[in-house]
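*Asks:* Sequence:
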Amino acid sequence: MATIYAPVTGMIQQVRPVANECYQHLVTIRNADGITNFIVDADTYVIGAVRLRPGMMITAFYDGAAPMPLIYPPQYRAVFLGRSNPRETMYAGMFDDDLVSEDGTLKLTPDQNTEIITSNGQRYTCELGGHVLIVYYTTSTRSIPAKTTPRKIIVI
Numbered sequence: 001m002a003t004i005y006a007p008v009t010g011m012i013q014q015v016r017p018v019a020n021e022c023y024q025h026l027v028t029i030r031n032a033d034g035i036t037n038f039i040v041d042a043d044t045y046v047i048g049a050v051r052l053r054p055g056m057m058i059t060a061f062y063d064g065a066a067p068m069p070l071i072y073p074p075q076y077r078a079v080f081l082g083r084s085n086p087r088e089t090m091y092a093g094m095f096d097d098d099l100v101s102e103d104g105t106l107k108l109t110p111d112q113n114t115e116i117i118t119s120n121g122q123r124y125t126c127e128l129g130g131h132v133l134i135v136y137y138t139t140s141t142r143s144i145p146a147k148t149t150p151r152k153i154i155v156i
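Position 152 of the sequence shown, counting from 1, maps to 152 under our numbering, and the rest follow consecutively.
In short, the hints are calculated from the structure, not lab data.
Be careful, since some hints might not be right.
Stated by the list, open to error - Capping the alpha-carbon separation at 20 Å, the derived lysine to any residue pairs in SDA-like fashion look like this:
{"#": "1", "residue 1": "K147", "residue 2": "E88"}
{"#": "2", "residue 1": "K107", "residue 2": "P54"}
{"#": "3", "residue 1": "K107", "residue 2": "Q122"}
{"#": "4", "residue 1": "K152", "residue 2": "Q112"}
{"#": "5", "residue 1": "K152", "residue 2": "I117"}
As the structure is a prediction and not an experimental result, all values here were calculated from the model.
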C-alpha cells in the first residue's frame, strides 16, 4: 500500500521536549482548523535543518495511513516538515517515471530554473521518477492531474 503524506500548514505556537525523551519534541501548530501537535524526532526530516521556533510558518507531513489515537487536539508523528511560504504550495509523495504523483493529482514539468536537490542539499541530476519528492510550486493548471513547473524539488 502506498504511503500518503498528508500535509498540515500552520504557525508554530510551541516547541517543547517530550517528557523523558531526549530526542523528541512536541511541536504545536495552529491554523484555521485549530491546533495540531506533531512529534518531531530523529527520524523526522526537517527541511534545511532549520531550528523550529514559535511564530514560524511550517508545513508538516505525516503518514496518512498510519494508525493514530483519536484524541484532541490531533497528534501525529511528523515524517517531513519545513518552512512554508503563503504564496507557495508544498507537496510530498511518490512520483512515477512520467512525474505523475502516485495519487494522480500532480504532474511535474521541471525546467532549467527548477532547483533539484537531495535531502542533504546536494545537486541531483538523475531521474526523478520512482522517488519520494518534496515539491515547492506556486501555480498549477486546473486539469487532472494538475500540471506545474516547480520552483524546487527535494529528492528523498
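*Asks:* Work down the list of hints and note, for each, if the structure agrees.
*Replies:* Tested hints:
Using a Cα cut-off of 20 Å, the hinted pair K147 and E88 holds, with the two alpha carbons roughly 15 Å apart. Using a Cα cut-off of 20 Å, the hinted pair K107 and P54 is violated, with the two alpha carbons roughly 34 Å apart. Straight-line distance between C-alpha atoms of K107 and Q122 comes to about 23 Å, which puts the hinted pair past the 20 Å bound. Under the criterion of a C-alpha separation no larger than 20 Å, the hint pairing K152 with Q112 is consistent with the structure, at around 11 Å.
For the suggested pair K152 and I117, the alpha carbons sit about 8 Å apart, so the restraint of at most 20 Å is met.
When each numbered hint is compared with the structure, violations occur for hints 2 and 3.
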